[in-house]
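Build out the structure end to end from the sequences listed, making use of the hints.
There are 2 protein chains.
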Amino acid sequence: MTSTSPTTPLRLGIAGLGTVGAGTIRLLRANADLIRARAGRPLEVVAVSARDRNRDRGVDLSGLNWHDRAEDLVNDPDVDVVVELIGGSEGTARTVVENALKAGKPVVTANKALLALHGPSLARLSAAHNAPLLFEAAVAGGIPAIKTVREGLAADRLTRVGGILNGTCNYILTVMRETGQAFASVLKDAQELGYAEADPSTDIDGLDAAHKLTILAGLAFGRPVDFSSVHVEGIRHVDAADQNFARALGYSIKLLGLARMTENGLHARVTPCLVPQQSPLAQVNGVFNAVVAEGEFVGRIMIEGRGAGAGPTASAVTADLIDIARGQTMPVWGVQADDGADTVLRAQPITSGQGAFYLRLRVEDRPGVIADITAVLRDCGVSLRSMLQHPAESETAPHVPLVLVTHQTSEAAMQDALKRIGALSAVTDTPVMIRIEAA
Amino acid sequence: MTSTSPTTPLRLGIAGLGTVGAGTIRLLRANADLIRARAGRPLEVVAVSARDRNRDRGVDLSGLNWHDRAEDLVNDPDVDVVVELIGGSEGTARTVVENALKAGKPVVTANKALLALHGPSLARLSAAHNAPLLFEAAVAGGIPAIKTVREGLAADRLTRVGGILNGTCNYILTVMRETGQAFASVLKDAQELGYAEADPSTDIDGLDAAHKLTILAGLAFGRPVDFSSVHVEGIRHVDAADQNFARALGYSIKLLGLARMTENGLHARVTPCLVPQQSPLAQVNGVFNAVVAEGEFVGRIMIEGRGAGAGPTASAVTADLIDIARGQTMPVWGVQADDGADTVLRAQPITSGQGAFYLRLRVEDRPGVIADITAVLRDCGVSLRSMLQHPAESETAPHVPLVLVTHQTSEAAMQDALKRIGALSAVTDTPVMIRIEAA
Chain A
1 MTSTSPTTPL RLGIAGLGTV GAGTIRLLRA NADLIRARAG RPLEVVAVSA
51 RDRNRDRGVD LSGLNWHDRA EDLVNDPDVD VVVELIGGSE GTARTVVENA
101 LKAGKPVVTA NKALLALHGP SLARLSAAHN APLLFEAAVA GGIPAIKTVR
151 EGLAADRLTR VGGILNGTCN YILTVMRETG QAFASVLKDA QELGYAEADP
201 STDIDGLDAA HKLTILAGLA FGRPVDFSSV HVEGIRHVDA ADQNFARALG
251 YSIKLLGLAR MTENGLHARV TPCLVPQQSP LAQVNGVFNA VVAEGEFVGR
301 IMIEGRGAGA GPTASAVTAD LIDIARGQTM PVWGVQADDG ADTVLRAQPI
351 TSGQGAFYLR LRVEDRPGVI ADITAVLRDC GVSLRSMLQH PAESETAPHV
401 PLVLVTHQTS EAAMQDALKR IGALSAVTDT PVMIRIEAA
Chain B
1 MTSTSPTTPL RLGIAGLGTV GAGTIRLLRA NADLIRARAG RPLEVVAVSA
51 RDRNRDRGVD LSGLNWHDRA EDLVNDPDVD VVVELIGGSE GTARTVVENA
101 LKAGKPVVTA NKALLALHGP SLARLSAAHN APLLFEAAVA GGIPAIKTVR
151 EGLAADRLTR VGGILNGTCN YILTVMRETG QAFASVLKDA QELGYAEADP
201 STDIDGLDAA HKLTILAGLA FGRPVDFSSV HVEGIRHVDA ADQNFARALG
251 YSIKLLGLAR MTENGLHARV TPCLVPQQSP LAQVNGVFNA VVAEGEFVGR
301 IMIEGRGAGA GPTASAVTAD LIDIARGQTM PVWGVQADDG ADTVLRAQPI
351 TSGQGAFYLR LRVEDRPGVI ADITAVLRDC GVSLRSMLQH PAESETAPHV
401 PLVLVTHQTS EAAMQDALKR IGALSAVTDT PVMIRIEAA
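The listed protein sequences derive, respectively, from chains A and B.
Just so we're aligned, residue 1 is where the first sequence starts under UniProt numbering, counting upward by one.
Just so we're aligned, residue 1 is where the second sequence starts under UniProt numbering, counting upward by one.
The reader is advised that the hints may include incorrect statements.
Covered stretches of chain A, as calculated for chain B (at least 3 residues, CB under 8 Å) [claimed, not checked]:
{"hint": "1", "segment": "135-145"}
{"hint": "2", "segment": "155-166"}
{"hint": "3", "segment": "297-307"}
The calculated label-pair distances, taken between Cβ atoms and stated as ranges, are [as the list claims (entries may be wrong)]:
{"hint": "4", "chain 1": "A", "residue 1": "G286", "chain 2": "B", "residue 2": "N244", "range": "29 to 37 Å"}
{"hint": "5", "chain 1": "B", "residue 1": "E178", "chain 2": "A", "residue 2": "D199", "range": "44 to 52 Å"}
{"hint": "6", "chain 1": "A", "residue 1": "D199", "chain 2": "B", "residue 2": "D342", "range": "49 to 57 Å"}
{"hint": "7", "chain 1": "A", "residue 1": "D342", "chain 2": "B", "residue 2": "A184", "range": "55 to 63 Å"}
{"hint": "8", "chain 1": "A", "residue 1": "D199", "chain 2": "B", "residue 2": "D239", "range": "53 to 61 Å"}
{"hint": "9", "chain 1": "A", "residue 1": "R378", "chain 2": "B", "residue 2": "A198", "range": "49 to 57 Å"}
{"hint": "10", "chain 1": "A", "residue 1": "A30", "chain 2": "B", "residue 2": "D429", "range": "44 to 52 Å"}
{"hint": "11", "chain 1": "A", "residue 1": "T95", "chain 2": "B", "residue 2": "P9", "range": "39 to 47 Å"}
{"hint": "12", "chain 1": "B", "residue 1": "T179", "chain 2": "A", "residue 2": "A371", "range": "43 to 51 Å"}
{"hint": "13", "chain 1": "A", "residue 1": "Q408", "chain 2": "B", "residue 2": "D33", "range": "29 to 37 Å"}
{"hint": "14", "chain 1": "A", "residue 1": "E197", "chain 2": "B", "residue 2": "A198", "range": "53 to 61 Å"}
{"hint": "15", "chain 1": "A", "residue 1": "D372", "chain 2": "B", "residue 2": "S386", "range": "53 to 61 Å"}
{"hint": "16", "chain 1": "A", "residue 1": "E192", "chain 2": "B", "residue 2": "D429", "range": "51 to 59 Å"}
If you want the ones that stay clear, here's a sample from chain B, every Cβ over 10 Å from chain A, calculated [claimed, not checked]:
{"hint": "17", "residue": "T8"}
{"hint": "18", "residue": "N31"}
{"hint": "19", "residue": "R51"}
{"hint": "20", "residue": "G58"}
{"hint": "21", "residue": "E98"}
{"hint": "22", "residue": "H118"}
{"hint": "23", "residue": "T174"}
{"hint": "24", "residue": "A184"}
{"hint": "25", "residue": "L193"}
{"hint": "26", "residue": "I370"}
{"hint": "27", "residue": "D372"}
{"hint": "28", "residue": "L388"}
{"hint": "29", "residue": "P398"}
{"hint": "30", "residue": "Q408"}
{"hint": "31", "residue": "E437"}
It is worth saying that the hints were derived from the structure and are not from the lab.
For each residue, glycine too, the CB sits at the ideal point set by N, CA and C.
Rendered as C-alpha cells:
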C-alpha cells in the first residue's frame with residue numbers, strides 16, 4: 001500500500017559486478033514484471049561500478065552509467081539506492097556504504113564482515129540520515145533469515161539463534177563423513193569444485209560463520225553484538241576419525257554458530273559440534289545452510305536453504321530492494337536507538353559456559369593409562385557419560401585412540417582437565433575436544 | 001521508521017477468547033517491553049468479545065471493554081485493530097472481518113477457512129477501504145510462512161509451494177510409523193492427548209491442509225486460488241501396512257499439500273505421499289509443520305516449526321500486529337489488484353498431472369495373478385519400477401498383499417489402470433494408491 005506513483009522506477013546503482021552483482025542484474029531483468037507488481041513500481045539498474053570495464057559478465061551493461069570509482073556511483077544523481085556487492089569490511093565497500101547513508105540514500109548490501117564489524121556505527125548513520133540499511137543477503141544467502149528473526153519472530157523473546165552458517169565448512173564436513181577422507185583432501189576437492197576459496201581461511205577458521213552469527217544475534221536480541229567477544233573455532237582440527245567416532249556414538253559433526261541469551265548474559269560461539277544424528281540440523285548437508293531460532297512462545301523454528309551462490313544471493317538482495325520500494329524498512333537492529341539499540345552487547349567468556357564434551361586422545365596402550373585419565377576428570381569434577389576404546393590399529397602399534405564423552409559440566413572445568421590430560425606422559429598427541437549440542 | 005508518536009498505543013480488540021485469544025493476551029503482556037521497542041509504540045488490548053463472561057481463561061480481563069456480540073467490538077470507537085480469533089468460514093467470524101474492513105480498521109486473523117474460501121472478496125474489501133488484512137497465523141502456526149513466501153521470496157518466480165501443513169495428520173502418521181499401530185487406534189490416542197479434535201474430519205480428511213495450501217498458493221503465485229479446484233484426500237485409507245511397505249522401499253508417508261505452477265497451469269493437491277526417507281520433509285515428525293518453497297533463483301527453502309498451539313499462534317498474530325503498528329502492510333496477495341490479484345486461479349484437474357505411484361493390492365495367492373495385473377499396467381502404458389510380494393500371513397491364508405511402485409506416468413493412465421485392476425477377480429479389496437513425491 002505504497003503511495004508512490006506506480007510508474008516511477010526505483011533507480012539502482014550496483015557497486016561490484018562479481019557473481020552476485022551480475023546475478024542480481026540478471027534476476028532484476030528476468031523477473032521484472034513480477035518484481036514491479038510486488039514492489040508497486042519498477043526496479044531499474046541505472047548505474048554500475050567495477051574495476052574491469054571489459055570483462056564479459058554475461059549481462060548486457062550498455063546504456064548504464066559506468067563509474068570506475070564506486071565512490072562516484074554514490075554521488076550519481078540518477079541513483080536512488082546503492083547496492084554494495086564489493087565485499088570486505090574496510091576500504092571501498094565501507095566508504096561506499098557510509099557515504100551513501102550520509103547522503104540519505106538507502107543501501108542494500110550482502111557484506112557480512114562489514115555489518116559484523118561496523119554494525120553499530122552504520123546503524124547510527126542509518127538512523128541519523130533516515131537512510132535504511134538492508135542486508136538480508138549477508139546471512140545464509142537465499143534464506144530469508146534476517147526477515148524471519150527481525151520481523152517474523154518479532155513478538156517473541158528469543159533465547160537462542162544460530163545454526164549452520166557456512167556452506168563451505170558444511171560441505172567439507174559432509175564429505176568427510178560420507179567418504180572417510182581426510183580434511184586436507186576434501187578441502188582440495190572443494191577448492192577445485194569452487195565450493196572453497198583459494199585462500200579458505202575465512203571460511204574454515206570460522207570467521208565467516210562468526211560474522212553471520214554476530215549479525216543474527218544482534219537482530220535476535222535487539223542490539224549490536226561485539227564481534228571480538230564471540231568465541232571462534234574452525235574445523236581444521238576435525239579428523240575423519242572424529243566423524244567416525246561421532247557416528248558410532250549417534251552424532252554428526254557440524255560447524256555451528258550459536259548465540260544464547262541467559263540469566264548470566266550472552267553466550268556466542270562458533271565451534272564444531274557433535275549433534276544427534278536424528279536432530280534437524282544433522283540432516284542439513286552439503287552446501288546448505290540452516291538457521292534456528294528459539295523463543296519462549298514460538299518454540300523452535302528452523303529454516304534451511306542455499307547459503308551462497310549467485311541466484312540465492314541475488315534473490316535476497318532483490319527482496320530487500322522490494323522492501324525499500326514498498327517503503328517497508330526498519331532500524332538496523334529492529335528497534336529504535338532509544339530502546340537500547342546503541343548499547344553494544346558483549347558475549348561472556350567461553351569459560352563461563354556449560355556443556356557436554358567429546359574428547360579424542362591418543363594414548364599409550366599399557367595398563368593404568370585410563371585410570372590416570374579418569375582420575376584427572378574426577379579431580380576436575382567432570383563426569384563421564386561414555387568411553388570408546390578401540391583396539392590398536394596393528395598388533396605392534398604402541399598407541400590407541402581413546403574417546404570420552406562427558407555429562408554436562410562447566411567449560412572451565414573441562415579446559416582445566418584437558419590441560420592436565422594433555423600433560424600426562426601416556427597421552428601422546430594434543431587432545432581433540434569437540435562440544436556436544438542437543439541442536 | 002514509523003512516524004507515529006511512540007507513546008500512542010495501538011488499541012486492539014480481540015474477538016474470541018479460546019486458547020489462542022487468551023495466549024495472545026498473555027504474550028502481549030509478557031513481552032510488552034520488547035514489543036513496544038520493535039513496534040515503535042505500545043500494543044494495548046482494550047476490548048474483548050467471547051460468549052461466556054465467567055469462564056476462567058487464566059488472564060486478567062478486568063478493565064477491558066467486554067462485548068457480548070463480536071460485531072459490537074468492531075464498532076467500539078476505542079478499537080484501532082480487530083483481531084479475529086473466533087474461527088470458521090461463515091457466521092460471526094466472517095461478519096466481524098468484513099465489517100471491520102468496511103470500517104477501515106486493520107484486521108489480524110488466524111482463520112484459514114475464511115481466507116481460503118473468501119480470500120478474493122476479503123482482498124477486495126481490504127483494498128477498497130485501505131484496511132490491511134493480515135493472517136500469518138492462518139498457515140503453519142508459529143512458522144512465519146506467509147512472510148517468507150510473500151516478502152522473503154518476493155524477488156523470485158516461485159514454481160512450487162506447500163509442505164506438511166497439518167500437525168494432527170503428521171502426528172498420526174508419525175506414530176503409525178513408529179509403533180505399527182492402526183490408524184483408528186492412533187487417532188483415538190491423539191484425541192485423548194488433545195492433538196486431534198473430537199470431530200477430527202477437518203484435519204484427517206485433508207480440508208485444513210487444503211485451506212492452508214490455497215492461501216500459500218495465492219501468495220506464491222500472486223492471485224487467489226479457487227479452493228474448490230484443489231484436489232483433497234485425507235489419511236483415513238493409509239494403513240500401518242503402508243507405513244511398513246513404505247519403509248521397506250526407503251520412504252516415509254506424509255500428508256502433503258503441494259501447489260506447482262507449470263506451463264500447463266496450476267496443479268494443487270493435498271494427498272498422502274511417499275517421500276524418500278532421507279528427504280528433509282521426511283525428518284519433520286510429530287505435530288511439527290514444514291513449508292517448502294522453490295524458486296528459479298533461490299532454489300529450495302524449507303521452514304519448520306510448531307504448526308499449532310497457543311504460544312506459536314499468538315506469536316504469529318502478534319508479529320502481524322507489530323507490522324501494522326510499524327505501518328508495514330501490503331495487499332493480501334502481495335500485489336495490487338491491477339496486477340492480476342483479482343483474477344482467480346483454478347487448479348487443473350488431478351487427472352492432468354504426472355507422477356509416480358505406490359499401489360497396495362490384496363490378491364489371491366495363485367498362479368497368473370501377477371501376470372494379469374502387470375498386463376493391465378502394460379495396456380495402460382504404466383511402467384513398473386519395483387514390486388514387493390510378501391509371503392502369505394499364514395500357510396492357509398488365501399490372500400497376500402502385493403505392492404507395486406511405478407515409474408513416472410500420467411495420473412489419468414494410473415487411474416484407468418487402478419479401475420481395471422480393482423475389477424480383476426483375483427484382487428479382493430479396493431486397491432490403495434498413494435502418490436510418490438521427491439519432496
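Status of each hint after checking the structure:
Against chain B, the segment 135-145 of chain A contributes 4 residues with a C-beta closer than 8 Å to a partner C-beta. That satisfies the three-residue criterion, and the hint holds. Counting residues of the segment 155-166 of chain A whose C-beta lies closer than 8 Å to any C-beta of chain B gives 3; at least three are required, and the coverage claim holds. Restraint check on the segment 297-307 of chain A versus chain B: 10 residues with Cβ-Cβ distances below 8 Å, three needed, restraint holds. The given range of 29 to 37 Å is respected by A:G286 and B:N244, whose C-beta atoms sit roughly 30 Å from each other.
Range check, B:E178 to A:D199: about 47 Å between beta-carbon atoms, so the 44 to 52 Å window is met. The hinted range of 49 to 57 Å is satisfied by A:D199 and B:D342, whose Cβ atoms lie roughly 54 Å apart. At about 60 Å, the CB distance of A:D342 to B:A184 agrees with the hint of 55 to 63 Å. Evaluation of the 53 to 61 Å hint for A:D199 and B:D239 yields a pass: the beta carbon distance comes to about 57 Å.
Under the hint 49 to 57 Å, the C-beta atoms of A:R378 and B:A198, about 56 Å apart, fit the expected range. Restraint check, A:A30 to B:D429: a C-beta distance of roughly 51 Å satisfies the suggested window 44 to 52 Å. Evaluation of the 39 to 47 Å hint for A:T95 and B:P9 yields a pass: the beta carbon distance comes to about 42 Å. Taken as a hint, the range 43 to 51 Å holds for the pair B:T179 and A:A371, whose Cβ atoms sit roughly 44 Å apart.
Between A:Q408 and B:D33 the beta carbon distance is about 31 Å. The supplied range of 29 to 37 Å therefore holds. Distance hint check: the CB atoms of A:E197 and B:A198 are about 59 Å apart, consistent with the given range 53 to 61 Å. The hinted window of 53 to 61 Å between A:D372 and B:S386 holds, with their beta carbons roughly 56 Å apart. Under the hint 51 to 59 Å, the C-beta atoms of A:E192 and B:D429, about 56 Å apart, fit the expected range.
At roughly 15 Å, the least C-beta separation between B:T8 and chain A is larger than 10 Å, which holds for a residue marked as non-interface. Annotated as non-interface, B:N31 brings its C-beta within 10 Å of a C-beta of chain A; the closest such distance is 6 Å. Once the 10 Å rule is applied to beta carbons, B:R51 is consistent with being away from chain A; the minimum gap is 25 Å. Chain A leaves B:G58 outside its interface by the beta-carbon criterion, the shortest separation being 14 Å against a cut-off of 10 Å.
A cut-off of 10 Å between C-beta atoms confirms that B:E98 is not in contact with chain A; the least separation is 19 Å. Remark: the non-interface label on B:H118 is consistent with the geometry, its nearest Cβ contact in chain A lying 20 Å away (cut-off 10 Å). At roughly 13 Å from the closest C-beta of chain A, the C-beta of B:T174 stays outside 10 Å, upholding its exclusion from the interface. Listed as a non-interface residue, B:A184 keeps its Cβ farther than 10 Å from every Cβ of chain A; the least gap is roughly 28 Å.
B:L193, annotated as away from the interface, keeps every beta carbon of chain A farther than 10 Å; the closest lies near 17 Å. At roughly 37 Å from the closest C-beta of chain A, the C-beta of B:I370 stays outside 10 Å, upholding its exclusion from the interface. No beta-carbon of chain A comes within 10 Å of the beta-carbon of B:D372; the shortest separation is about 42 Å. Chain A leaves B:L388 outside its interface by the beta-carbon criterion, the shortest separation being 26 Å against a cut-off of 10 Å.
Distance to chain A confirms B:P398 as a non-interface residue, since its nearest Cβ pair spans about 41 Å, more than 10 Å. Every beta carbon of chain A lies more than 10 Å from that of B:Q408, the smallest distance being close to 25 Å; the non-interface claim holds. Distance check on B:E437: its Cβ is at least 17 Å (rounded) from any Cβ of chain A, clearing the 10 Å threshold; non-interface status holds.
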